[in-house]
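Number of protein chains: 4
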Amino acid sequence: MQQELTNKLQQLYEDALSTCQQGSPADYIPALAKANAQLFAVSIASQQLTTQLGDSTERFTLQSIVKVISFMVATEARGVEEVMHYVDLEPTGDAFNSMIRLESSKPGKPFNPMINAGAITIASLLHGTTPNEKVDTVLDFLEQLLHKRPSINGEVFLSEFDTAHRNRAIAYHLKANGFIVGDVETALKAYLLLCSIEVTTQDLAKMGLFLATDGEGAPFISPHILKITKALMMTCGMYNASGKVAAFIGIPAKSGVSGGVLACLKDATIEGHHGAIGIGLFSPAIDDVGNSVASMHMLKQLADHYHLSYF
Amino acid sequence: MQQELTNKLQQLYEDALSTCQQGSPADYIPALAKANAQLFAVSIASQQLTTQLGDSTERFTLQSIVKVISFMVATEARGVEEVMHYVDLEPTGDAFNSMIRLESSKPGKPFNPMINAGAITIASLLHGTTPNEKVDTVLDFLEQLLHKRPSINGEVFLSEFDTAHRNRAIAYHLKANGFIVGDVETALKAYLLLCSIEVTTQDLAKMGLFLATDGEGAPFISPHILKITKALMMTCGMYNASGKVAAFIGIPAKSGVSGGVLACLKDATIEGHHGAIGIGLFSPAIDDVGNSVASMHMLKQLADHYHLSYF
Amino acid sequence: MQQELTNKLQQLYEDALSTCQQGSPADYIPALAKANAQLFAVSIASQQLTTQLGDSTERFTLQSIVKVISFMVATEARGVEEVMHYVDLEPTGDAFNSMIRLESSKPGKPFNPMINAGAITIASLLHGTTPNEKVDTVLDFLEQLLHKRPSINGEVFLSEFDTAHRNRAIAYHLKANGFIVGDVETALKAYLLLCSIEVTTQDLAKMGLFLATDGEGAPFISPHILKITKALMMTCGMYNASGKVAAFIGIPAKSGVSGGVLACLKDATIEGHHGAIGIGLFSPAIDDVGNSVASMHMLKQLADHYHLSYF
Amino acid sequence: MQQELTNKLQQLYEDALSTCQQGSPADYIPALAKANAQLFAVSIASQQLTTQLGDSTERFTLQSIVKVISFMVATEARGVEEVMHYVDLEPTGDAFNSMIRLESSKPGKPFNPMINAGAITIASLLHGTTPNEKVDTVLDFLEQLLHKRPSINGEVFLSEFDTAHRNRAIAYHLKANGFIVGDVETALKAYLLLCSIEVTTQDLAKMGLFLATDGEGAPFISPHILKITKALMMTCGMYNASGKVAAFIGIPAKSGVSGGVLACLKDATIEGHHGAIGIGLFSPAIDDVGNSVASMHMLKQLADHYHLSYF
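Going down the list, the protein sequences come from chains A, B, C and D.
The opening position of the first sequence corresponds to residue 1 in the working numbering, with each subsequent residue numbered one higher.
The opening position of the second sequence corresponds to residue 1 in the working numbering, with each subsequent residue numbered one higher.
The opening position of the third sequence corresponds to residue 1 in the working numbering, with each subsequent residue numbered one higher.
The opening position of the fourth sequence corresponds to residue 1 in the working numbering, with each subsequent residue numbered one higher.
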């Protein structure tokens, strides 16, 4: 059921929209740099209701948000114990593409699956021999969840692949230390394809609801894996503002440099929504640490107004 | 009301007690090294009930657990904005006594108040000119909360003060970068006195309940500061296992090298306890990262059996 | 003219030979691990005389020693100014394969051409489009100098190429920061081919003599480039013992993990040798930092006995 | 014998003088910031002759140049082996006041005596119980060498002592790791007093000549210690330009942030000077890495014109 918009939600949306100009689209990937900085969409999904604000049919690439999905899929496939042999679950305080800790902290195991190092390791752990087979395990999951198979944005993929020097350096560093299973280029290509999966905020809200309910409905992910996933979102999902997001918003969330944000609420009330709630947000203008400015503003206002903090 | 012990809680306690031998008391502070490694106490407090398991009248020093208290007191006194001018709220992945990031990450602001650097900065922000005046603001808070004024263990304080070279190095490094307010030795001495405050698990459980209720009853701390505090416990309260504790236990908690652990539950059921719950644990044998082995084992079993995870 | 062996040189050789067992051949490259740890050769060349001790016709791969040669050839081809746009001339104190400084020290320019990062950058600066063309510029230089064209040890090259994950990580990291000219894989392959060039200690002694004379005879390298090269050998030629080698031996020298050492003396007297002298040493058993144990022992005894220190 | 100035030396001096404006006096120590940026003095001393250019009677504090002297005095007193138990002889590539390596490189031994960490350790190794007793061992050495007892600039000392937070942090970090002998504050005060010893370029030239001759005349320092000292000057004497100074000038030298430079030549000819030569330079305007601009310019021109490079 589509919710009729309340004045309050509409007002919060308008307020957040006006903050777009405080950021700008990611410029290190050419295909992202040309995004319309004025776009802003918010979708809210609970088990009975959905709410759409703004450009909720606009498609964008998942970028780092996919780290949440690929971690769940790989961990369901391999088991927590095996995954943790290759990647830890600790926040770092470092930049998402930092390599220092891979050398300074023996034996060089990536600290968590939300930084690039950990996510490339996770891509190597996805079932399948080729990049496409690996990506298919994630697309299969998303198709079951969204009732449609997401597309991959080929232009964005190629744009990232051509300039993936830093990620390739990370991948070979991981391989040197034994934290890539199988072929390095396969893992790297799979990772970059995964980043290029296209979604809308409506899709993100559904993903958030799936997480919030501990996996009710199809597809199947073990509840303890979903809890680990949400803990990772809370401790290291929002780049180098993760600690402040936990402190001032208090919601498990994951952002991507394309401007998307995925959030989930275990038990909340937002106007007509009650219980488990998923939220998807998107606005391409990002701040210094990589988080969408309008999305963060909206999430903070929602958290304050509807008392959403987990703490 | 004192709870009659259920078979289940007693069984979980016995199971956890048997894990003591997997750790050993902290050895870098002489006065801690001689602790009885077989001690183990658990206290659970809700608004109607208290439960005691084991040596719940045994006194031990707060050590790092005091970082939670001093952060609340300093932030209530100074305001969030002023405190954040001197210390960030981000997890690090570094050792609790690491100095590297003070130099490598400009301008050298400590990343959070749960590492030594941040806690020394917080000590410098406590009201008062002398170390004792600063410590009194924390003791006043604890006296209001516990209805008794905690003592300071002079032997432990002197033992730490004599070997505080690393903490003194941290303090002067912070001063060099402008992140100590006032006199360095005053802040350092205040910090070490705070670490030496003595409590029991019953006291920790009361502190946990205070946090869990967002500050019901005396003393007064603003609810938004309590939420920030609990977020810090979740993202960086358990030394370098904070991420894994969030993933596998999912409860805001803070540990100290003396073997104490403070935890709080927003809304849970543990036998006769319902709603907000505080938990205090103590067992001197700690693991490699500094967390009490039996306490962690107990907390994990409690979380699994009573579904306590925030996620 | 081949020198008749003096008792003194023979005695120093025997003394050094007995130290072989204190090290062991490099084990991270399979093809090197199987070297005969008892081999030890020393060659001394001055403008009038050559002296051979031990297995001076034994061939081994240059490994890091080639960094000296490729730096000279690339710098003669490109000029000092252009080369220094891509690589600095500062010692680091880091491991030869460290990547930390590429990230921590903006803009990520390799600190010197004697560490792997700098040497891969230098390989990218060698004239030529393909790896073989680049390598040929170095082989051309060596052919002019040695009056024979050195071979490349294909087994060692393939062994290193298959396990070059760390070097590949370094190469892509350099590319990400703009310090590789042209194609990354081309530079990397050229670098690994260069490491696999085979020489004898007699060849090393000739190279040392060439450096010692500031480039007398063919081929041509500008004297100021040879001075820079010798300064680099003194400040960072002997892995993480470079400072101690300067302090206790005081001779510009460059070692490789295959067990070779190249040294040069501006103006010295060693038995019948007078003036500029080149020394080549080889013994596969290396110490913790990567220097040949017997070669270092020999060089220290030579320096002490014949007063060879530059200081 | 005082040399009559040649046109060539006078011209090189004038050229160098004109580069003063490219730098500015050190501003982190208030008492240094007010130096006259136009001062420039050069003194050259050989065994038969002295040459003075510019303000060669102007007094300035040794600052980091004293690290050379205190290393010699402490090592003569303690022996090389004992000193190396506390400080290594390796260059670092780090800033002179960096602390990162004290934590990242186990067991935290300072890498060399030319960075602050190593120099504070050396100060702790000087004989004597009080700061003044330790400083007296260095002043005794200088009095024997210079035939007058240098004074200590009390204003500079107090200015540095008041703002010595970073150096104090380094000192306590060293103590925590076992690399300070005795009392920390004693070592730190001794170090800062040593930095405040006042000299002229004439004094520096005499020190350089002493080093150049391997210690001819009084006082006595073992020749092998002098060789180690000169090697340290070559590999790490000129802050983060040490490698480039070795490459482009090629002379063992040590600079201080007050604008002084000490250099020594084993066997050279500069106009009427032949053989061992000492050079003292002073100009308060320093560059980004801490070296006196005019002094560096002069030294480079002298090296080029008189072929002074050791390589």
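Treat the hints loosely; a few may be bogus.
Claimed, not checked - Partial list, computed: chain C residues near chain A (C-beta under 7 Å): (1) Glu103; (2) Thr137; (3) Arg168; (4) His173; (5) Lys175; (6) Ala176; (7) Ile221.
Claimed, not checked - Cut-off 30 Å, straight-line C-alpha distance, at most; resulting in silico cross-link-like pairs (DSBU-like, lysine-lysine): (8) Lys106(D) with Lys106(B); (9) Lys106(D) with Lys244(B); (10) Lys266(A) with Lys244(A).
By construction, these hints were calculated from the structure, which means they are not laboratory data.
Remember, predicted model here, so these are calculated numbers, not experimental data.
Glycine residues also receive a C-beta, built at the ideal position from the N, C-alpha and C atoms.
Now for the hints, and whether the structure bears them out:
Residue-level restraint check for glutamate 103(C) holds (minimum Cβ-Cβ distance to chain A is 5 Å; threshold 7 Å). The interface hint given for threonine 137(C) is violated, since its Cβ lies 25 Å from the closest Cβ of chain A, which is over the 7 Å cut-off. Checking arginine 168(C) against chain A: minimum C-beta separation of about 4 Å stays under 7 Å; hint holds. Look at histidine 173(C): its Cβ gets to within about 4 Å of chain A, closer than 7 Å, so that hint holds up.
Annotation: lysine 175(C) was flagged as interfacial toward chain A, and the flag holds, the nearest CB pair being 4 Å apart, inside 7 Å. Because the beta carbon of alanine 176(C) sits about 4 Å from the nearest beta carbon in chain A, less than 7 Å, this interface hint is met. With 7 Å as the threshold, the beta carbon of isoleucine 221(C) stays out of range of chain A, its nearest partner Cβ sitting at about 32 Å, so the hint is violated. The hinted pair formed by lysine 106(D) and lysine 106(B) meets the criterion: a straight-line CA distance of about 24 Å does not exceed 30 Å.
Between lysine 106(D) and lysine 244(B) the CA atoms are separated by roughly 27 Å; this keeps the pair inside 30 Å, and the hint holds. Between lysine 266(A) and lysine 244(A) the CA atoms are separated by roughly 20 Å; this keeps the pair inside 30 Å, and the hint holds.
Hint compliance for this structure: hints 2, 7 are not met, and every other hint is.
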